[in-house]
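Under the numbering used here, the letters of the sequence shown match residues 1 to 159, in that order.
These are computed hints drawn from the structure, not numbers from a lab.
As the structure is a prediction and not an experimental result, all values here were calculated from the model.
Worth double-checking, as some hints may not be accurate.
Unchecked claim - Simulated restraints, written as ranges between beta carbons of each label pair:
id, residue 1, residue 2, range
1, T98, S20, 26 to 36 Å
2, E136, A35, 29 to 39 Å
3, K81, E136, 16 to 26 Å
4, S133, E59, 14 to 24 Å
5, S16, N56, 52 to 62 Å
6, L159, T98, 19 to 29 Å
7, V54, T108, 17 to 27 Å
8, A25, T98, 21 to 31 Å
9, M119, E59, 14 to 24 Å
10, L14, D42, 33 to 43 Å
Claimed, not checked - In silico DMTMM-like links for lysine to aspartate or glutamate, alpha-carbon gap of 25 Å or less:
id, residue 1, residue 2
11, K66, E3
12, K81, D115
13, K66, E151
14, K66, D116
15, K81, E149
16, K66, E78
17, K66, E10
Where is the CB? At the ideal position from N, CA and C, for every residue including glycine.
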Amino acid sequence: MIEKNRAILEAIGLTSVVLSLMFVAYQIQQSNQIARVTNELDIRSNFSALNESVMNDSEMAALLDKATSENVSFDGPERIKITMFVLRLMNVWLANETAYTNGMLPQTSYEIVFDDIRMLFGTFPGLRYEFRSAYELYPGWRLTAVFREIEQQLIKYGL
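With the hints as constraints, model all of the structure from the sequences given.
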């Protein structure tokens, strides 16, 4: 009788441990999903902040309008502002790549980065030289897919 009770208690204990582990696994899965969604929202917020910075800054909008011409030159403060804009774009793109390679961003959202790069190279030819400069200034980033896409665009446009 004692052996039977002990076996029942051990079975109950084992079942409760297994159920507890399953519950913890479920909680971890939920936490990971929440982290992925939060990360994607943060990344989209970065893109929105970039868009808003142009919308709310008529000087920046004018510089980008100027960059729609291929044969444009930026001088002084214009050059600094455009350079910082290009570096900001590259930082956002690289953050997306980091999130994607760590399983925190879905592929469809990650692929938007490459669409964005191609759109900018096609729409704003005046930025191409700035991307070329940034590409050369940060050789350690050349191993990233983002920089390989930038390199492909530079080659495509003969830079």
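Cross-check of the supplied hints:
no.: 1; hint: T98 <-> S20: 26 to 36 Å; in the structure: holds (34 Å)
no.: 2; hint: E136 <-> A35: 29 to 39 Å; in the structure: holds (35 Å)
no.: 3; hint: K81 <-> E136: 16 to 26 Å; in the structure: holds (20 Å)
no.: 4; hint: S133 <-> E59: 14 to 24 Å; in the structure: holds (21 Å)
no.: 5; hint: S16 <-> N56: 52 to 62 Å; in the structure: holds (57 Å)
no.: 6; hint: L159 <-> T98: 19 to 29 Å; in the structure: holds (26 Å)
no.: 7; hint: V54 <-> T108: 17 to 27 Å; in the structure: holds (25 Å)
no.: 8; hint: A25 <-> T98: 21 to 31 Å; in the structure: holds (26 Å)
no.: 9; hint: M119 <-> E59: 14 to 24 Å; in the structure: holds (22 Å)
no.: 10; hint: L14 <-> D42: 33 to 43 Å; in the structure: holds (42 Å)
no.: 11; hint: K66 <-> E3; in the structure: violated (87 Å)
no.: 12; hint: K81 <-> D115; in the structure: holds (23 Å)
no.: 13; hint: K66 <-> E151; in the structure: holds (23 Å)
no.: 14; hint: K66 <-> D116; in the structure: holds (19 Å)
no.: 15; hint: K81 <-> E149; in the structure: holds (23 Å)
no.: 16; hint: K66 <-> E78; in the structure: holds (10 Å)
no.: 17; hint: K66 <-> E10; in the structure: violated (76 Å)
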